[in-house]
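Asker: Each chain is listed here by its residues.
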Amino acid sequence: MRALWLLPLCLSLIFAACGDEDTPDATVDSGVATDAGRDSGPNDTGNTDSGVDSGTPDLGTDGGVGLDAEPTDTGTVANPFPNTSCAGVSECLQFVVGQENDLLDAVNDLQTGTRIVLGAGTFRFTNAVTIRDDAITFEGQGIDVTILDFAGQVAQSNGVDVVGDNFTIEGMTITDSKKDALRIENSTNVVIRRVKATWSAGPATTNGSYGLYPVRCTNVLMEDSEAYNASDAGLYVGQSINVVVRRNIARRNVAGLEIENTQFADVYENHVEDNSGGLLIFDLPGNPVIGRDVKIHNNQIISNNRPNFAPSGTTVSQIPRGTGTFTLASRRVEISGNTYQNNLTTDVAVLSGLAVQSSTAAWAIPLAMVVGSTVGLDLPSGGGVILNFVTNEIWVHGNTHSGYGTLPDSTNQTARPLGALLGLVYFASGGLGPVDALLYDGIGEVVDPDVVVNNTNFNHVCFEDETGASYATLDLPKLAGILDGGQRLPSTDDIYQPVLPWAPFDCSGFTGGPIPPVVLP
Amino acid sequence: MKSVCWLTAALCLAACSEAQPSRDSGGPGDLGAAADGGANDLGQSDQGVDAGEPDADLPDLGPADTGVLPWGEVVVDINLPRPPALLSEYRLVRLENGVLRYNDRVVPYELAAPLFSDYAIKERAIWVPPGTQVNYQDLEAFDFPIGSAIIKSFSFAPDLRQPEVGRRVIETRVLVKYADGWHALPYLWRPDGSDADYHVRGHVEMVDFIDPFGAPRRATYLVPQKNQCTSCHELSDGQGGTFTTIIGPKARYLNRLELGPGPAINQLERWVGLGILAGLPALDQVPSSAALTTYGSTVGWTAPELERAARDYLDINCAHCHNPQAVQGVTSQLYLNVDNTDEFRLGYCKEPGSAGSGAGGRRYDIVPGHPDDSIVTYRIESERAGEMMPLLGRSLADTFGTRVVRGWIQSLPSRNCD
Numbered sequence: 001m002r003a004l005w006l007l008p009l010c011l012s013l014i015f016a017a018c019g020d021e022d023t024p025d026a027t028v029d030s031g032v033a034t035d036a037g038r039d040s041g042p043n044d045t046g047n048t049d050s051g052v053d054s055g056t057p058d059l060g061t062d063g064g065v066g067l068d069a070e071p072t073d074t075g076t077v078a079n080p081f082p083n084t085s086c087a088g089v090s091e092c093l094q095f096v097v098g099q100e101n102d103l104l105d106a107v108n109d110l111q112t113g114t115r116i117v118l119g120a121g122t123f124r125f126t127n128a129v130t131i132r133d134d135a136i137t138f139e140g141q142g143i144d145v146t147i148l149d150f151a152g153q154v155a156q157s158n159g160v161d162v163v164g165d166n167f168t169i170e171g172m173t174i175t176d177s178k179k180d181a182l183r184i185e186n187s188t189n190v191v192i193r194r195v196k197a198t199w200s201a202g203p204a205t206t207n208g209s210y211g212l213y214p215v216r217c218t219n220v221l222m223e224d225s226e227a228y229n230a231s232d233a234g235l236y237v238g239q240s241i242n243v244v245v246r247r248n249i250a251r252r253n254v255a256g257l258e259i260e261n262t263q264f265a266d267v268y269e270n271h272v273e274d275n276s277g278g279l280l281i282f283d284l285p286g287n288p289v290i291g292r293d294v295k296i297h298n299n300q301i302i303s304n305n306r307p308n309f310a311p312s313g314t315t316v317s318q319i320p321r322g323t324g325t326f327t328l329a330s331r332r333v334e335i336s337g338n339t340y341q342n343n344l345t346t347d348v349a350v351l352s353g354l355a356v357q358s359s360t361a362a363w364a365i366p367l368a369m370v371v372g373s374t375v376g377l378d379l380p381s382g383g384g385v386i387l388n389f390v391t392n393e394i395w396v397h398g399n400t401h402s403g404y405g406t407l408p409d410s411t412n413q414t415a416r417p418l419g420a421l422l423g424l425v426y427f428a429s430g431g432l433g434p435v436d437a438l439l440y441d442g443i444g445e446v447v448d449p450d451v452v453v454n455n456t457n458f459n460h461v462c463f464e465d466e467t468g469a470s471y472a473t474l475d476l477p478k479l480a481g482i483l484d485g486g487q488r489l490p491s492t493d494d495i496y497q498p499v500l501p502w503a504p505f506d507c508s509g510f511t512g513g514p515i516p517p518v519v520l521p
Numbered sequence: 522m523k524s525v526c527w528l529t530a531a532l533c534l535a536a537c538s539e540a541q542p543s544r545d546s547g548g549p550g551d552l553g554a555a556a557d558g559g560a561n562d563l564g565q566s567d568q569g570v571d572a573g574e575p576d577a578d579l580p581d582l583g584p585a586d587t588g589v590l591p592w593g594e595v596v597v598d599i600n601l602p603r604p605p606a607l608l609s610e611y612r613l614v615r616l617e618n619g620v621l622r623y624n625d626r627v628v629p630y631e632l633a634a635p636l637f638s639d640y641a642i643k644e645r646a647i648w649v650p651p652g653t654q655v656n657y658q659d660l661e662a663f664d665f666p667i668g669s670a671i672i673k674s675f676s677f678a679p680d681l682r683q684p685e686v687g688r689r690v691i692e693t694r695v696l697v698k699y700a701d702g703w704h705a706l707p708y709l710w711r712p713d714g715s716d717a718d719y720h721v722r723g724h725v726e727m728v729d730f731i732d733p734f735g736a737p738r739r740a741t742y743l744v745p746q747k748n749q750c751t752s753c754h755e756l757s758d759g760q761g762g763t764f765t766t767i768i769g770p771k772a773r774y775l776n777r778l779e780l781g782p783g784p785a786i787n788q789l790e791r792w793v794g795l796g797i798l799a800g801l802p803a804l805d806q807v808p809s810s811a812a813l814t815t816y817g818s819t820v821g822w823t824a825p826e827l828e829r830a831a832r833d834y835l836d837i838n839c840a841h842c843h844n845p846q847a848v849q850g851v852t853s854q855l856y857l858n859v860d861n862t863d864e865f866r867l868g869y870c871k872e873p874g875s876a877g878s879g880a881g882g883r884r885y886d887i888v889p890g891h892p893d894d895s896i897v898t899y900r901i902e903s904e905r906a907g908e909m910m911p912l913l914g915r916s917l918a919d920t921f922g923t924r925v926v927r928g929w930i931q932s933l934p935s936r937n938c939d
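Residue numbers (our numbering), protein chains in the order written: chain A, 1 to 521; chain B, 522 to 939.
One or more hints might be untrue.
As the list claims (entries may be wrong) - Beyond 10 Å from chain A on every Cβ pair, some chain B residues (computed):
hint, residue
1, 764
2, 805
3, 825
4, 858
What the hints assert, rightly or not - Sample of chain B residues facing chain A (criterion: CB under 10 Å; computed from the structure):
hint, residue
5, 707
6, 721
7, 722
8, 724
9, 725
10, 741
11, 748
12, 757
13, 851
14, 866
15, 883
These aren't lab readings, by the way, just hints derived from the structure by calculation.
Glycine included, each C-beta is placed from N, C-alpha and C at the ideal position.
All chains should be modelled from the sequences, with the hints used to inform the complete structure.
Answerer: Structure below.
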C-alpha cells in the first residue's frame with residue numbers, strides 16, 4: 001500500500017530531481033568532528049566517503065591505518081594468544097591462522113560447552129563459520145587483533161552464523177561477509193562483546209546487510225562492540241525479548257542501531273554517528289513479536305547525515321539521511337538523556353506504522369501467532385487478530401539537541417518521501433526551516449495549527465525537559481492531501497508548532513513510563 | 522480402485538513416452554494426472570538429463586533389481602559414538618564402473634518435483650531396518666523408523682544431455698534417523714571413486730558442464746558444511762526447540778508412476794509391495810505434486826496449470842525455510858508452503874523483511890500479474906551472491922523453474938500494490 005505521505009506525482013513543484021537517482025548533497029555535512037576515536041580498525045579503510053560526502057565528520061578520524069593494513073597475515077605472530085588461550089581450560093579448542101580448515105571441521109562437530117579460542121591474525125574463509133551447538137564460547141584476541149575475513153566467500157552466506165543457546169562471542173573483527181557479519185538466530189542467552197563488524201570497501205551498496213544481527217533471541221547482551229559500513233543496519237537486535245545494548249559504536253552504516261520488533265530492550269551509552277539514520281525503533285508489518293518497553297538513554301546520536309546507500313527498494317532505503325531517531329509502530333518507548341547533534345533532517349520522529357504501510361490489514365497478526373507479551377498494551381484487536389501499527393505511550397525527555405533540521409533529505413521523493421515532505425513544509429513557500437527537532441506524525445489525532453485546545457493526544461506521546469529542541473505535530477494525512485490536491489504547497493502553517501510546554505504533548509498525566517531497566521539472567 | 526489410474530497412465534505412456542525423449546512433453550498433460558505418467562521422469566530423469574536413454578541401466582527397476590550383492594548386510598548403527606569415517610562402512614551404496622549401486626533392500630526412489638541443485642544429477646534411496654516400515658503421512662514428511670537411512674548422491678556429467686557419459690559423483694549425504702531425530706552426515710567422494718570420506722567442513726568446487734538445454738554452464742558447486750544442512754533441514758518444534766526434518770519424502774512428491782521391466786507401478790504402491798510402507802490410503806486420496814523436471818516449456822499452459830506447477834516448485838525449493846515452522850525464513854514472514862492460503866504471507870503485495878540487495882530495487886515479494894516487479898522472481902533468477910534464493914544449494918538459475926514461477930505470476934489477475 002502506498003504510504004500516506006508518498007508524494008503521488010512528480011509535482012510541478014520545486015523538485016528538480018524527481019527521478020530515482022540519489023543526488024548526494026555536496027553541502028550537507030557540516031558535521032562536527034566528534035569521532036570518539038575507537039574505530040581504528042585496519043579494515044576501516046580510509047576511503048569510506050566514497051566521494052559523496054565531502055566534509056563528513058569521519059575525515060581524519062579513522063585513527064588507524066588507511067587501507068586494510070592487516071596487522072598479521074601469516075601466523076608468524078610471536079605469541080598468537082597474548083590475551084586469552086585454552087591454557088587451563090577443559091573442553092577448549094584453539095586455532096591459529098592457517099588452521100581455517102581445522103576450525104571448520106571443529107565447529108561442525110562440537111561438543112556442548114566447548115570454548116573455541118582463535119589466535120591473533122587474519123583467518124580467511126570461503127564459506128561461513130557455522131555453530132549449531134549449545135553453550136559455545138567463541139573468542140578471539142580482540143578487535144582487530146583476531147580478524148575473520150570472508151572476502152573470499154563463494155557461498156552467499158553470513159560470516160559467523162550461529163544457532164545455539166548460551167552462546168558468547170568475544171574479541172574479534174568480522175570483515176567482508178557476503179551477508180550479515182554475525183547472525184545469531186533463535187537462541188537464548190546470547191552475549192556479543194567486543195566484536196567489530198565491517199566491510200573493507202567502506203560504505204557500499206554491495207556490502208552485506210547487517211553487522212551484528214541477533215534475531216529471534218531471548219536474553220541478548222551486546223556491548224563494547226562496533227559496526228561499520230553495513231548496507232542495512234550496523235547494530236541490530238530484532239524479534240527478540242530481553243535485550244541490553246550498551247557502549248557500542250556504529251558508524252557509516254545505513255542504519256546505525258536498530259531495535260526492531262523487540263520487547264524489553266535497554267539501550268544506552270552507544271555512539272551512533274555518520275550513518276544515514278541513527279538509532280531506530282520500529283515494528284515491521286506482520287511480524288509476530290510486537291515491540292514494547294524500549295528504553296533509549298544516554299546515547300550519542302551525532303551527524304547521521306550519510307547519503308542513504310541501501311539497495312533501492314529495501315525498507316531502510318526509505319530512511320531520510322539526517323534522521324537521528326525514529327520510533328515507528330512502537331509503544332512504551334522512553335527516550336531520555338541522549339545527545340542529538342547535527343542530524344540534518346530531524347532528531348526524533350514519532351511515527352505511526354501507517355506512515356509507511358497504510359493498509360491496516362498488513363499490520364494484522366493472528367493472535368495465535370503472537371510471540372511474547374501484549375499485556376497492558378493498547379492495541380486494536382478483534383476477529384482473531386491484533387494490529388500493531390499503533391504508536392503510543394512514548395516518553396521523550398531530558399535529551400539535548402543542536403544543529404538539527406537544516407537540510408532534510410529531499411534527494412529522492414520516491415524512495416524517501418518523508419524527507420522530501422519535510423523539505424517542502426519547512427523550506428518551500430519561503431520557509432527557512434529548520435525542521436523541528438521533535439516530530440509527531442499526528443496520525444490518529446486531531447491536529448489544529450491554530451487552536452491549541454483542539455489538538456488531541458490520544459496516543460499518549462509526550463515530550464518534556466528537552467534542551468535546545470522545538471516540537472511539531474505534522475498531520476501527515478492532511479499534508480498528503482494538500483500534495484494530492486496539487487493546488488499549493490504545504491507549509492509550516494499547516495502543522496502544529498506549539499510553544500512550550502507543547503500541550504497536549506507535555507506529559508501531563510502521562511503514565512506510560514518510566515520503562516524499567518532490563519535485567520538479564 | 523486403481524484401474525482407471527493405470528489406464529490413464531498407460532495411455533499417456535503410449536502417447537508420450539518415446540515421442541519426446543529430450544524435452545518434457547509439455548506441462549499441461551503432465552500436470553493434471555494424479556500419477557505422473559511421463560515416461561521420461563524415471564530414474565535420474567528428474568534432473569532434466571534424460572536425454573533419450575531412459576533408464577536403461579539404472580538401479581531403480583523395482584524388486585527385480587534388488588538382488589543380494591556380494592557385500593554383506595547394510596550397517597546403520599545409531600549407537601556408534603561417531604559417524605563412520607567411510608561411506609563404505611554402511612554398505613548402502615558404492616560405485617561400480619562409475620555407476621552408483623545399492624545394496625539389497627536399499628530402495629531407490631524419485632521425486633515428482635525435485636529441489637534444484639545447480640543441475641546436479643541426484644540419486645536417492647532409502648533403507649529401513651528389517652522388519653520396520655515407514656508410516657505414511659498426508660502432508661508432513663513420512664515418519665521413518667529409528668535406524669532408517671536416506672541416501673542422496675550428487676553427480677555431474679560433462680554434457681547433461683548425455684548424463685550417463687562421463688558421470689562423476691561428488692558427494693553422498695546420508696540422513697540417519699537417530700532416537701533424537703534425523704542427522705545429516707555428508708560424505709565426499711574420492712577422485713578415484715573408491716570410497717567417500719566423512720567431511721563436515723564443506724567443500725567448494727567449480728564444475729563446468731553443458732546443461733540440459735545445451736548451454737555451457739559453470740557452477741560454483743557447494744558441498745555444504747554439516748551445520749549448513751540445518752539451514753534447509755531444521756524446523757521449530759513450537760516449544761522453543763528445533764528438530765531436523767527431511768524434505769523430499771512426502772506423499773505429494775513420492776506419489777508418481779514409475780516404469781520398470783514389468784507394468785508401470787506407482788512408487789508408493791511399490792513401497793507397500795516391498796513391505797516398507799504402512800498406511801497408504803487409496804491413491805486417489807494421496808496428494809500429488811505437479812511433475813516438474815528442470816527442462817521443458819510452459820508454452821500453452823493454462824493459469825491453473827501454471828499455478829499448480831509454481832506452487833509445487835516453490836514448495837519443494839523454498840518452503841523448507843519459507844514456512845511458519847522453519848527456523849530460518851520465518852523472519853521474512855513469506856510462506857511459500859503449498860498449503861499456505863494467506864495471500865499476504867504468500868507474498869502478494871507484501872514488502873520484504875530484510876531482502877537487502879536481493880530486492881533488486883523491487884518493492885513487493887509478489888506483484889500479481891507483474892513478474893518483473895516481483896522480488897520472488899528477481900531472487901530466483903539472480904546468480905549474484907547476496908541476492909540469490911535459495912541461500913544455499915545453487916549458484917545457477919534454474920531455467921525451467923524460473924520460467925514456471927514467472928509464468929504463474931504473469932498469469933495472476935493484475936494488481937497494483939502501491
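Asker: Find the hints from earlier in the document that the structure breaks and name them by number, from lowest to highest.
Answerer: none
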